Each structure stands twice: as C-alpha cells, then as structure tokens.
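For the record, the sequence lines run as chains A and B. First residue of the first sequence: 1, per the numbering used here; consecutive thereafter. First residue of the second sequence: 1, per the numbering used here; consecutive thereafter.
FYI, nobody ran anything at the bench for these hints, they're computed from the structure. Certain hints may be false.
What the hints assert, rightly or not - The list that follows gives simulated cross-link-like pairs (lysine to aspartate or glutamate, DMTMM-like), each with its CA atoms no further than 25 Å apart:
(1) B:Lys72 / A:Glu242
(2) B:Lys72 / A:Glu389
(3) B:Lys72 / A:Glu231
(4) B:Lys243 / B:Glu298
Since this is a predicted model, take the numbers as computed values, not measurements.
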Amino acid sequence: MNPRRLWTLLVREARATWRNPFTMTILVAVPLAALLVFGFVLSTEVERLPLGVHDASGTASSRRLVAELAAKGTFVPRAFATREGLDHALVAGQISAAVVIPPDFDRRLREAAAGGAPAEIQVLYDGGETVLAGNSEAFLRTLALSTVAELSSGARAQAMGGPAAPSHVSPSGAAGPASGGVRVVTRALFNPKLDGSRFMVSGTFGFVLSFLTALITAVSIVSERLSGTFEQLQVTPATSLEILLGKILPLGAVFAADVVLMVLAAGFLLGVWPEGSVVFFVIVSSFYVLTSLSLGLLISATSATAAEAVQKTVLFSIPLVQLSGFAFPIRNMPAPFRWLAELFPATHYIRVSRAIYLRGEGPLSLLPELSLLAFFTLILVGVALRSIEGRE
Amino acid sequence: MSVQPSLRLRGLRKRFGQRSALDGVDLTLEGPQIVGIVGPDGAGKTTLLRAIAGLLEIAADEASVLGFDLRKDVRALKAQIGYVPQSFSLHRDLSVYENLRFTARLHRLGNEEFERRTESLLARTGLLPFADRPAGALSGGMKQKLSIANALLPEPALLALDEPTAGVDVMARDEIWRILEERRGKSLVLISTSYLDETEACDRLLYLDEGRVVAQGTPAELRAQVPVRLLRAWGSDPRAIAKAAGALPYVVSARVRGPFARIEIAAEELPGEARLYADFAGLVPRVRLLEPAPVDMESALLFLSRKQTQGTSAP
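If we strip away everything but chain A, and leave its shape as in the complex, we get (with noise of 0.2 Å):
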C-alpha cells in the first residue's frame, strides 16, 4: 500500500462529501434527529394522556380517585356530564381512555368495608391504540385500585372507629376479582383482543402507501429525466396537466390493485378484514396513493439522479414511521410534534384506515380528516403539477 496514493483517494473523498451539502445532511442531521426523536418524542410510556371522565356519584370519595387519577401526571381528566359524550369523544379520537364511575359509587363502596359487594368502576380504552390502551389500561387500573383502596380503608376505619389501615392491592383482570372492595370492570372499544396484527395492518397500508409509492414515482421520473424523454415530452403540445396525469394515473392503478391485494392478504393469511366496508377502504387509499405519486413527483423534481432519489424517499421515511402514527402513538408526543405529525398526509391516512379497519367507520365520521387528506392531495397535486411546468 502507498500512502501517499491511499492519501489522495482520502483527500478526494472527503472533498467530494464535503462538497455535496445533501450527503452532509444525511451524514449529519439524520443519526442525531433519529436519536433525539427516538429517545425523547418516541416514548410508549403513558403520559399526559386525555382521560375521560363521567362522575355520576359526584361525592367526595369520586372526586378523590379523579384527584387522584390527575395527580401523577400520567392522566389529564377531562369530564364529561352524560355517557353518550363520553362514549363519543372516544369514538372520536378525542380521548384515549375513560373511566366510568357509577352514581351508587361512594354507597357500595361504605358497604364494601361493612362486607358487602365491591364497588365498581369502569375503564373504556380505545383499542385501536393497542401500545397505548395495554400501557394506559395498567395504569389506570393500579391506579383506580390503589386510591380506591385508600378510600374503602378509610371507610372501613370510620365504620370501626379506628385509623385507616394500608391496603395492597394488585392489578385484577378485565372483570377481575375486587380488591379493597372495588372492582374494576374494563372494556376496550373497537379492538378488544389488543389484536397487535389489526393495528399494524391498518397502519402498513399508510407506510407501503407512502413510501414505496413515493420512491418508485420519484425514482422513475428521475431516470426519464436523466434519459431525457422527459424533456422530449415537454416540448411537444402536451400539457402539464396531460403528462403529470400521464405519469401517474398508470402507476397509480397498480398501487390501487396493490392496496386490494393487500386487503386480501391480510383477510385470508392474517384473519384481519376491515370492521368497515373494503369498497370505501380501497377507494380512499386510492385516492391516497394520488397524494403519494405527488410526493415522489416533488422528490423526482429535486433530485439530480435516481440514487439521490432514493435517499430522500428514505429520509423522508424516518419522519413517516416515527410521526405519523405507524408504530408510535402520537398522543404521547410533546405538543410541537403531535402538531409537526398533523403536517404529514400519511398521519391523516394512518388514522382513517384505522379507523376502518378498527371502528369500522364510514365516510361521515371520517370527513374532517378526509378533507385533511384531499386539501394535502389538492396541495401536493398542484405543486407537483407546477413542478412540471416550471422551466428550468
């Protein structure tokens, strides 16, 4: 080996890295963005997660356990007058988790301490949110129990005119045994089973969507471009609109044949079929593949070859799996982010095919976020179409 030659070829590498800002920001910017996002955005632990809760008791004892419920931080109480409200800002994503306590509460938890029935409090947890319901649902549960218990000894010193006496108490099942005379009965709404394979299935179809549709557009455009029949298009009579369309509508009827092969897949090997209907699920995620195409029409547009292409398609990905809700709860992010994942189209898809998937929702619930999704497409459509007509 010559070193001075072996110096050459590192002086010219460190010059041709240095030189091309795109490969600094890769080298650079991804491991410590992926670091800080994944360490400190990224936490499956349950945190200051909205909590709702409907207090028909109203009595001391019941505001103790929200008090109680609230003061660890892990909880953000938000009350509710009538079960239908609650039952509906659960179905709507506006909470995560509920507790229900019964307006016989603070009588049959006396009575508990004198030897009667348990108490019983319920806990409704949206199980579309499988990481977050199993995490939430633990805790609410020890929780519940653990202020509960408080209470009833308490209630059990008064009624023997002693102190009140420590209480262990262990987490119980779904309609476990009662522990310091309550029982907390718990429910999940939507998927009860925790079902692991529903909620990644659901979720894939925004990954798959969004990133291999985004790469293949981004990388086939550029390598016309690079070949120049691009150009050649360009300078016939065909309009922007005609070639954007030209290029996308092909590949955006494979990837529709692609979501109905996955649905089928997922039905026949996984046992996981929408909860709604397959005709509106595929007919959205067509419509989604369109704001994808877009997306790789824009990457195509930055990009000087088909390598680069593909690095900003896989940069692009981090964000996507990391924000949008793919495999970490958004919920449990600190505000800046959860606005950050809101940017993203994918975010707005990821929850609608959830939400058929898991709810089995139809069009009419899904319409705020269908507008999201159809204003992003509109956007990235137009921008895309502008980075076709746009000269160089």
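Keeping the supplied structure of chain A fixed, place chain B upon it in accordance with the hints.
Chain B in isolation, oriented as in the chain A frame:
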C-alpha cells in the same frame, strides 16, 4: 397551418444559479434556412437551443420565436417546433415505429397523415427495415436518425438540433445532412455543430462565446472578416516544415494537413512576396511548393476564437 419561420431575440439572458449561460444574445432570423451555431465548449450553444425550444425560463428585452413570446406561455409554440437534444432521448423500450406513433399522437396527427409521413421519413432515413426494432437496440447513427425523423414528423416550422452528427459515422452524417437539406427551404433549421464541413453547408453561422453572439453572417462573410492569409507548403516532411515555419515571426499558426503544412499569416504582418518565398525556401526540410489557399472556416473560427480570448484577457 404554415408558419413563416422567424426569430427575434434581444438581450436574451439565462442564468443557472450564479453562472451566466447566456449573457445578452441578440439575434434576428427570418425565413427558412439552415443556421449553424458554433463556438467553443461552454459557449452557450445548447442553452440557446433549449431556450429557443421553450424549455428554459429566460429573461430578455425581446424573445419572439415563430411569433410566440418565450417569456410567456410557450405551449402553442411547441406544436411548431422540433427539437433534437445532444443525447438520444426517445423511448428505448418502444420500437422505431412506436416512437414515431407516440409523437404523432401527442401532436394529434391523423392516422392517414401519420402513415404517409412515417413511410417517407423511414425511407429517407434508411430506418424502414428497422421499423419494428426497439429504439434502444439501434446503433448510434440510427438513433440520431430516428430522433431527427421524430422531430420532423410534425413538419415543424423550426427545427433545433444540438450536435446531431456528433459521434455518428460518415454515412449516417451524410444521410442526416441530406434530410436537413430537404428542410432548407421549408423550415428554420438551427444546428449546433463542431464539424467544419458542416458549417460550410449552413446558410448562416452564429459564433457564440461566453453566452453572446460575437459574430454572425454567411460562411463567406465570416471568412472575409478574417485578416489572415493562408498558404500551403508542400514537401517531403510536412510535419517538420510546419515546425520550422512556426518559428517565422509573422506566422500565426502552422499545422500539418495531410500531405502539406497549413500556414496562417497575419494579413498586417505579411512580408513582401520576395522575402516570403526566400524565407520558405530557406527552411529545412526543403519546401518544394508554396501556394496561396482561400481562407477556410477553420481559419475563420480560429480567428474568432483567438480574438475573443485576447479580448477577454486584455486588461
């Protein structure tokens, strides 16, 4: 619809980031003709052709091509233009015939008209036997002929060709030029080239340097501007003759051209005939014959290039 080909550019500018590719091109062309664009590498030839084809966002005081303003929407202009880029840019997976049909459909050419024009173009380009061959499987020359046939299919009023004969063999070059000759009276043909014989075949030449048209005219007009005298020195060793002649104080350049040495002398430094012949007679090896030759395009273009270099390097 027949369009009278015309082109009027005034102060045409194009920048790519910090780099100025076209720096105030002034050019007026009227009527069908073949116009050659020449100049050193990086002079702006490709950029000028792409700008004229409506592919670039440009700035200009005036930029009218076939009556369409290049600064505005150029979609209608594209129906009247044929463009052949430097590298082959047709669909490699499509056959020769399918490539032409694709272009015909984008130009909304009727089936009958398409068949008629295609047959004629394929016959003239010699591509008829290869009509079903994928474009990607053609030789370099065939690809270029297909590109030109493709650009000619809509019978454009303006044809812009970027070095269409670069890297193709002599036969293909000849065929390409025969096709272009046919368009001489019908279209405004703009062709960038680095082949001297091709510049001679043009009706008009533009010499571009550093993004500006620094000289233009017919080949004869450009040659007439050149203040050099050209001599041919014949002898047994033209290489040694050229080397010895290059040492004479009034010789601008001396190079071998086959069996003779090509000697350029600055017109203003031309010595008297007696001294000239005496100097050449005294060269070793011996010059058997010294004869004057007409100034050619090589001299004209070299002169323009040297003039530009001196102009830009002057303080």
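Does the structure break any of the earlier hints, and which numbers would those be? Hints that this structure does not satisfy do not exist here, as all of them hold.
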